[in-house]
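Student: Sequence:
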Amino acid sequence: MNYPAKTPHSFTVTTPLYYVNDIPHIGHAYTTMAADTIARWQRLNRRDVLLVTGTDEHGQKIERTAIAAGVEPQVHCDRIVARFDALWSKLNIQYDRFSRTTAANHQSIVKEFFERVLAQGDIYKGTQQGWYCVSCEEFKEERDLLADNYCPLHPSKQVEWRDESNYFFRLSKYQQQLEALYAECPEFILPLSRRNEVLKFVAQGLQDFSISRVNVDWGIPLPNDPQQTIYVWFDALLGYVTALLDPDAEPTLDNALAHRWPIDLHLIGKDILRFHAVYWPAMLMSAGLPIPDRVFAHGYFTKDGKKISKSEGNAIDPIEFVDRYGAEPLRYYFLKGIEFGQDGDFNETRFVEIVNADFANNLGNLLNRTLSMAKKYCQGRVPNCNPEDISAEHPLKLLGRELGDRVEIAYNNLAFKDACEAILTLAHSSNKYIDDLAPWTLFKQDKHSELAEVLYSALESARLSAYLLSPIVPKISTDIYQQLGLDVDFDLVCGSHGDRSHLDANELPADWARHGEWGILQADRPLGSPRPIFIKLELPNDASG
RNA sequence: GGCUCAAUAGCUCAGUCGGUAGAGUAGGGGACUCAUAAGCCCUUGGUCGUCAGUUCAAGUCUGACUUGAGCCA
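If you read the first sequence in UniProt numbering, its first letter stands for residue 1, the second for the next number, and so on.
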């Protein structure tokens, strides 16, 4: 079957389906905050967005973790899923679909997909011998093992010898097609450094890989051999397909792929790049399906320059952190303070410095001082100034008119840091402009039209900054809009469209489609009362570094 | 072990085709007062990891080395 081209108006972005072996940590939060930001950006641009997240729940590791906890695997999974969901709620992540690999409709999708690949002749039975790390859910080469057969990635876990009759996927058959894909779509794998790694890896020659397991009950049985279950990665990647099913749709591949396939963007951490950039497209090629547009692997971060690990005891508990500082500072720090795609460092002092400087000192103070003056000098109304009458050479108008395009390019390239820096440049320029023109002096001199132009252009710059930052810090942006007398709630406008009644109920300004441009505030409209949009954070007394 | 990438101000990073080292933040000083002592202006910080080489000229190109990160199913 040919699937109709998805509408250019839609945008589908995924986070990984997180493995429920353990409770969510800061790394899960990082990927998901980025995905939420992209989803909000696309919604802001009035695209029909589907943000997919979820959990990967099968496999021997889950089975054993559940046994160790003395519960059924499904009970264990449900508990962990609740923890993920609680974190997403705390971080104001508004997903549209939560795809669980233990969902009934997922089983149908996996079986249908498996049969399609089987019919294609790409699945055969073979023997797999070797050392298997249950924690990695992967076979390991003997030369890679530590002393006494410990896994290099899990130094506390010994690998196990396996000699199994398994089903294999003919990955080797797709080597040339994959290489052609990488050549034709140079932006399929980003960033470039990761792409190079994949190219190198594929160039070494691809080997078929085992896609079934014996003696693992916690999984989806093979349609053609129910004694075996489907390998957890083969199963999990298809969770992206299942996620596209409408909730009440019959779970068939045709239904799942009808409207939104192929996915626009898979956001992942660099650890699972191979699965997404090699195995996944090969599986799709075998099934005769189009390939997603883009896989973007972000980096990891350290804490104060040291690798984060439980054994080091330097893990960051996202829940505790949000309770202490709030969700938006955290969202902002991760997206502004770390180059997306590269590794970064998490340092609490730097975190506090960045959010205080940008939100309290720069943007927050800009809004506060300008609103205060408008209250004193303009009766608390938008200063009487028509933006079209402002000279094209006006420094803020000049900056503001090109800012939307710059920020759009940045968001579309996942260059969140660039977007933030460009926006903050407008805020800084506005502060400077106010100091240069000294509206308090203009007021004393009764220069009312000059005064109006200064205050108008500063208020308008704060508004545009809020609009463009809203995918990252929706609540701060909403607060700015409210203080400017604009009744827009960015969570309603750009949050999940799962419940569209919110969007309809929210009466957007008539000129909403132009809010990404400079010159929107209308003269004489009432402004809200100035109050700080951001209270400065303080480090705990014992914080070091 | 093989391969890839990185190293620039206290911190985070930019630096185009080789042409006298930049931003933000932190530190110091100043003038102002609308404002969350915020903002604005000025300013201290750099042998551009090391050593060679090419060149009139190297942060930039070449080689070696050091350190760090990553990939090697």
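No wet-lab data here; the hints were simulated from the structure. A few of these clues could be false.
Stated by the list, open to error - Okay, derived cross-link-like pairs now, DSS-like style, lysine-lysine, Cα gap no bigger than 27 Å in a straight line:
hint, residue 1, residue 2
1, Lys270, Lys376
2, Lys270, Lys417
3, Lys375, Lys303
4, Lys125, Lys111
5, Lys375, Lys307
6, Lys90, Lys111
7, Lys417, Lys475
8, Lys306, Lys376
9, Lys157, Lys375
10, Lys270, Lys140
11, Lys376, Lys90
12, Lys90, Lys140
13, Lys125, Lys90
14, Lys417, Lys375
15, Lys447, Lys417
16, Lys375, Lys536
17, Lys303, Lys417
18, Lys375, Lys90
19, Lys536, Lys475
20, Lys397, Lys90
21, Lys270, Lys157
Student: Hint by hint, say whether it matches the structure.
Tutor: Status of each hint after checking the structure:
no. : hint               : result
1   : Lys270 with Lys376 : violated (53 Å)
2   : Lys270 with Lys417 : holds (19 Å)
3   : Lys375 with Lys303 : violated (44 Å)
4   : Lys125 with Lys111 : holds (17 Å)
5   : Lys375 with Lys307 : violated (50 Å)
6   : Lys90 with Lys111  : violated (35 Å)
7   : Lys417 with Lys475 : holds (19 Å)
8   : Lys306 with Lys376 : violated (51 Å)
9   : Lys157 with Lys375 : violated (66 Å)
10  : Lys270 with Lys140 : holds (19 Å)
11  : Lys376 with Lys90  : violated (38 Å)
12  : Lys90 with Lys140  : violated (38 Å)
13  : Lys125 with Lys90  : violated (46 Å)
14  : Lys417 with Lys375 : violated (34 Å)
15  : Lys447 with Lys417 : violated (39 Å)
16  : Lys375 with Lys536 : holds (24 Å)
17  : Lys303 with Lys417 : holds (19 Å)
18  : Lys375 with Lys90  : violated (35 Å)
19  : Lys536 with Lys475 : holds (16 Å)
20  : Lys397 with Lys90  : violated (37 Å)
21  : Lys270 with Lys157 : holds (22 Å)
Of the numbered hints stated above, those contradicted by the structure are hints 1, 3, 5, 6, 8, 9, 11, 12, 13, 14, 15, 18, 20, listed in ascending order.
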